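> Each chain is listed here by its residues.
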Amino acid sequence: MTVPVALLVVVVAVTAALLSVTATAVVGWRRFARLRTEYRSTARAAIPSVAVLAGVLGINSVVREVGVEISWLIGWNITGEIYAIEGNLVPAIQSFAHPWLTTYFSLIYVYGYVFLLTFPLVAYLVLEDMEWFRTTAIAYALNYAIGLVMYLLFIAYGPRNLLPDLTEPLLYTNWPSSQFLVSEVNANTNVFPSLHTSLSVTVIVLAYRTRRVYPRWLPIATLVGGSVVVSTMYLAIHWGLDVLAGIGLGVGSVWLARTYAGADDVDSLAELGSDPFGSLRRAISRLWNAR
Amino acid sequence: MEPSDATAPLSRRKLLGGVSVGLATSSAGCLQYARSLVNRDSPQQVSVTIKTVPADDDEAAVQIARTLQKHMTASGIDAEIELLEASELFRDVLLNQSFDVYVAQFPPHHDPDFLRSALHSRFVTEQGWQNPFGVSDLGLDERLADQRTTTGNDRQRAVASVVESVAEIQPFAMACFPKDITVVRTDRFDNWGTDGLDAPFSYLALERPEDAPNGDPTTLRIVQTDDRITKNLNPIAVEYRRPNPLTDVLYDPLARRYDGDIRPWLATDVTWRRLDDTGVTATVELRDGLSWHDGQALTAADVVFTYRFLDDTSLGTGNMSVPSPRFRDRTSLVESIERLDDRTVRFGFGDTVEAVAARALTVPVLPSHVWEEKTGNTNIAGIDISEGVTQALVWANTEPVGSGPFRVESRTPAERLVLSRFDDHFLVGGGPDRFHVPFERLVVRMAPSDAAAVSLVTDGAVDATGDPVNPRVLDSVAEEGPIAVHVEDSRSFYHVGFNARREPFGNVRFRQAIARLVDAEYVAETVFDGYARPAATPLAGTSWEPPEFRWAESDPVVPFAGTDGELDVSTARNAFREAGYAYDDDGRLLK
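Quick note, the sequences are listed as chains A and B, same order. Under my numbering, think of the first position of the first sequence as 56, with each following residue one higher. Under my numbering, think of the first position of the second sequence as -14, with each following residue one higher.
Quick caveat, the hints were computed from the structure, so don't treat them as lab data. Quantities reported herein were computed from a predicted structural model and do not represent experimental measurements. Built from N, CA and C at the ideal position, the CB exists for glycine as well. One or more hints might be untrue.
As the list claims (entries may be wrong) - Quick list of the computed label-pair ranges, beta carbon to beta carbon:
| no. | chain 1 | residue 1 | chain 2 | residue 2 | range |
| --- | --- | --- | --- | --- | --- |
| 1 | A | 136 | B | 569 | 21 to 29 angstroms |
| 2 | B | 554 | A | 62 | 45 to 53 angstroms |
| 3 | A | 62 | B | 511 | 28 to 36 angstroms |
| 4 | B | 511 | A | 303 | 33 to 41 angstroms |
| 5 | A | 114 | B | 538 | 55 to 63 angstroms |
| 6 | B | 514 | A | 62 | 26 to 34 angstroms |
Claimed, not checked - Counterexamples of contact, computed for chain A against chain B with all Cβ distances above 12 angstroms:
| no. | residue |
| --- | --- |
| 7 | 63 |
| 8 | 75 |
| 9 | 78 |
| 10 | 84 |
| 11 | 150 |
| 12 | 158 |
| 13 | 234 |
| 14 | 273 |
| 15 | 343 |
Only chain B is shown next, with the shape it has when bound in the complex (with noise of 0.2 angstroms):
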């Protein structure tokens, strides 16, 4: 209903309009009357985008994102979803911060050591998925800093009041653990989905079933949605990779973790030392007789080559250090490195524990003979800094030389990727005795949606799919004759992540009600139909999560406002209320 003009606020121009009337005839102090009220801003409706993939990526995130966007708009706030590319979306959340609400998944992790440089108010100008959410709390930044120096149970204590920290604050609202479903065909490999490997790696322990048909045996071929991997192959340019990328497989880290553990890969030995002087350090020696794919010998230059680039991707050409996007939060523990010999390099961590700084062993190492010429400044449409990009984060690497079991042997943007065995890799004839390098070619294939990709399994087009799909095209998928599905647990949880950069999600009260239109355990059952687990906290389903922040039945600190996916809107509204903000008579929030 439009308000009669008698009761209506008096309008901008309106007092503009009066203000030159005001000129000719009145005095100072109306003129004066006329300022502060023309300067001073009228309180505006809270407006919020939500930016997410389509549904033809990530159907899971848009319908969470649909759900967040329903609540807010009953809550009264005037909320729009903008649906992004997945690399547009990380370009915005990662690199521009140009957001004020994203619906993703978080990077895979499983030391909680991850959350010092997803949060601590240190990391917030740097790019990636350091603290792309812009929170600065000492309090929690003290007990970021706390777990990384203590072991044993000083450190699970540590880590719970991290995980209190965090669920208090809210950088970002949980939703939940997915479970990665699979579909495959068993007729051509098999001993898919092995118990403490991710894909792509896993590929590397499948076999040859005894009685597989004719054909091709020595290509393993794969369906994936996400086409990032065909037109970027860029290890560290974070807005191209996905969680488990497949560049995992072109690029080999000192150690790897697998069977749960950190366990020497590049590297034969590696020494641990603590000493109260030096800190914690690691003496690590490599593997006899390395090569890059294109022939040059890996040495223990190329590591110390690889932890200072990574560290600043300018190596100190710039007036600024550009440090690497990814792996941020394991370059960032290593303080010193050094090579003894051309097998041998030394690493100092300071005043950290063992379990922590093996992570920063984790890291690809690259070549310097190819890395070295691209540090120098560059400017790219797309990402707003003008300086402070280097030419390594940006350049597509379309011809990758790593030491992976698996080079690149061509690539056709949007369309395919085809890997070949890398026959000098320590895996071709020996290594770790699980792994062993089963087929001579990986043929990636991309399809436009989860269904599509399911039907290339199905026709037997392909072996199986190499991104998760979504639950719901489970129902297309009949498993039986040599089609079966499979299901891991993920470590890449969804969720909610706010910029508290711009108002009003900068107040911690504010994002709690936020976190409070979002139903966790609903969103598990109906969106996921199941194949998830609703969470309160990043380590949820880990030994670290302290019992008092486990999932029952509803969040145990901003529990959802309403029952079974049904938004209680006064209760919603109240907690607004609560965190100070108000309500206009059309029952639009005010910021």
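The following block holds chain A by itself, in its conformation from the complex (with noise of 0.2 angstroms):
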């Protein structure tokens, strides 16, 4: 499905105006200033984690494609066991639906999320250490691999699929056109865990690790991916189970990033990227020396 060109100019405009002035509060132009004179080492440094993320993205958007069909013969469909676990949770809380908070969690579900994943990429570039940087690309890496194995084996509708009798999908019959950017990011049958979820809970972890550096960074990212994480299931497009789960990946991918990600290993993944057979060949040699 192509997206509307008005709809992407729109979602970037509004990105880049909350990036500029969250910018200014959080990170200061000192920080920023220092770019001027570093930015090919600064650039140097973030390369590796940046073609590490890119390279998951670019995997994920080739998979997407066929991992609907591939999902479809190997995937266990657990629509029916979410919903007789969990109930009727997700009408529950849309029973305090209201014009003014579908609109709230509408902005925040398509803009909020967009801006939330944005922000620590460029307030962590500006630090002099690397290291925040490097643990973001890597975190969002981790989690959008994960979330892609857990898509191929398990097969799930929203609740706005199952249940149109008790729930209203709030997001698309106010804009019906978000759905266009929303389904191209994700098939319909690829909700659990609800990646919304994770990314933003791993935006709050970092922000929490690193609330010394940027103290106010702390409060906005949890309002925001708190927010994000009401919107999935206000907006009726995931259960909480989903959101459950992606909690864990959110968690879990910080924790695998700090724990196995050192600069080291992140370089080595992004030079197999890029030269593979060069990399096969030295991880050959090095093994044929050591014996």
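Dock the two chains into a complex; use the hints.
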């Protein structure tokens, strides 16, 4: 499905505006000033983690197309099981629906989410220590990679698709064209786990870990990220269990990124992508020499 | 509440434990007692999975499934809904017969003879819409055969007795005939929703308004939510074709039904004869100078090939006959076919009547030079049949060679399909005067839901919705300016299909009791917002419908067990009790 161009332009413009306002308040221009003289070294340091993230996103976009076909072959259809376990949680959340809330959560689900994911990449990039930038990029990549595997294994439709009698697809009834954007990113069988939730949780956990560097970012990230998590259920796109699994994935991704993805690992991972045969050769010769 | 140990019935495990103790100490009589207990299945709760498509694809189907699920649960049945994408659903239902109950629309038909292939026990092992329910009833078989060989009042009576049988047997529970709702723009093309024509065929009757604004006048833009057409263009792949499929404009039949009658299409002339010894025959003369999209000539040999091939897509090369699952109701009418010359074919239909036999002429004609290579056997994951599946049934046919007024120009899976005018077609500069080809290209875009599809029409990005939209989205449509809403009766009824091969659906009384859980009147009013007509028979709304089976505020045979959509639980449960089923103390229905 093609995304309407006008919608894309608006999303980019809104995100840019939110980024610059927040950057001024949270990061401060002095940190950006450093980039004027050190942009080369910063870029060099950022490239490996960006390459890994881009690689995962690239694989994701290719596999997503065939992934739906694969998961119908091997996947486990768990929509009925999810509903049997959690019952009418989402309809209960939707009973608080109000036009203002719907507008708020709709904007949060689309604009808030894009802003929430892009801001850490900007904020951690200007720090002298690239550790947090690397952790963020790798944690994002892990979210997508693990999410992709789970989407292959589990087929699940969201509450709006199973319970049209109890839920209202609030986002799409009030803002139909947003569905072109959302369905471009996700097939409607991919709801378990909620990547909106997992990535938001990743950002919140990182904001907590870096609260000394960016004290003002933690409350913003918590508010926006928390709202994104609630919005997935409020808009009847995700089940409570998708959100729970998403929280697990979000926290787990940060932990994995911190524990296993040091600068060297990321370098060699990025190298594997750019020069697979060379790095394979080097790996073999290392093993050979170690013998 | 947990029952106390003292009163709990012995579980198998406890019994088995007892048996091992018994082995050491007890007599043979005690062992025999234990054995007869252990090997006896205790009654279990009736458990049903209802299969249907997600709300993004067909909200009404899910709503019907939800109502049924709730009413089944209230009746003590363990009911679950399984959502599947359309091609998966129909693969399960029509090819693998792997379902308990499903909710969907039946393909549209105009002559009651379609019930013969849908319900005759002869078709019980076949794929497609050939008796997917697995019912076999000798009385019904006889009545279905009768209606095929009679005319006039005799046939009317024969059809009425078929309807009576079907209502009693309940191979499926009727819900309603919906109205097809299309949202269109009239600024670039006009004359939408012409009576007697179904989309996409009706696009050939569109007109260009005189005051049309600037912009590309040669492209008609359609939006659909069903993206199966972008993945598979095989006209006989039944799981990928929806009612009124777009493949209808790619492939031409010998004759088409429009304006209420079957009229010559690729044929110029059809001559019917009826002789006592040979039965009904039809001599069909083709138009002059017909050709396929690849430039090869379309001749009588292609026509003969098509009917032989659809009857057995292996053309006798395998060790079993593999009929095409689509058009089987029509090809099964043909007893013989013979090429008289390059432009003439003679069909033999045996003992039947012209009105029924004419349906056989409405199947698409296929090019022999493309399809005769597809007769080989094949295995493909997802269809659990090791033999008897030819390549013809499973290939995607992404570059179709037809003879229809449009050919495929390009295709992006799940995104778009672009058709372009076939300039050698007889409609381009001639043909039946109602039709012409008023545009050079037909662009079909995909949208994730009905609401998103309608938003493209109102935003002016496309000219019309290509598949019917749910009435709920009309709330956001203001019929002003160039935006118009067209509503037409559909012959494609919603139903709840039962699999009689699976217990307890093999029991006609059980099916009747389940059918009483569906309130078609309430469904039509609430789920369809009134854009549907509740129906008790699949022939409702036609001249074939017997008056005693007409809908009169409730179903005359299996009335809803409740009022205004509200189930009366004791009535529903009594229906199951009367059918011979029992409830346990927890109110669960046992099988």
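> Does each hint hold? Answer for all of them.
Against the structure, the hints:
The supplied range of 21 to 29 angstroms is met by residue 136 (chain A) and residue 569 (chain B), whose beta-carbon atoms lie about 24 angstroms from each other. The supplied range of 45 to 53 angstroms is met by residue 554 (chain B) and residue 62 (chain A), whose beta-carbon atoms lie about 49 angstroms from each other. For the hinted restraint 28 to 36 angstroms between residue 62 (chain A) and residue 511 (chain B), the CB-CB distance of approximately 33 angstroms keeps it satisfied. At roughly 39 angstroms, the beta carbons of residue 511 (chain B) and residue 303 (chain A) sit within the given window of 33 to 41 angstroms.
The supplied range of 55 to 63 angstroms is met by residue 114 (chain A) and residue 538 (chain B), whose beta-carbon atoms lie about 59 angstroms from each other. In this structure the supplied range 26 to 34 angstroms holds for residue 514 (chain B) paired with residue 62 (chain A), their Cβ-Cβ distance being about 29 angstroms. Chain B leaves residue 63 (chain A) outside its interface by the beta-carbon criterion, the shortest separation being 14 angstroms against a cut-off of 12 angstroms. Residue 75 (chain A), annotated as away from the interface, keeps every beta carbon of chain B farther than 12 angstroms; the closest lies near 30 angstroms.
No beta-carbon of chain B is positioned within 12 angstroms of the beta-carbon of residue 78 (chain A); the least distance is around 34 angstroms. For residue 84 (chain A), the requirement that its beta carbon stay farther than 12 angstroms from each beta carbon of chain B is met, with the minimum near 41 angstroms. Under the 12 angstroms C-beta cut-off, the non-interface status given to residue 150 (chain A) relative to chain B holds; the minimum distance is some 18 angstroms. No Cβ of chain B comes within 12 angstroms of the Cβ of residue 158 (chain A); the nearest lies about 16 angstroms off, and the non-interface call holds.
For residue 234 (chain A), the shortest C-beta to C-beta distance to chain B comes to about 4 angstroms, within the 12 angstroms cut-off, and the non-interface label is violated. Here residue 273 (chain A) stays apart from chain B, with its beta-carbon at least about 35 angstroms from theirs, past the 12 angstroms limit. Taking the minimum C-beta to C-beta distance to chain B, about 41 angstroms, the non-interface status of residue 343 (chain A) holds against the 12 angstroms cut.
Hint check: a violation occurs at hint 13 only; the rest are consistent with the structure.
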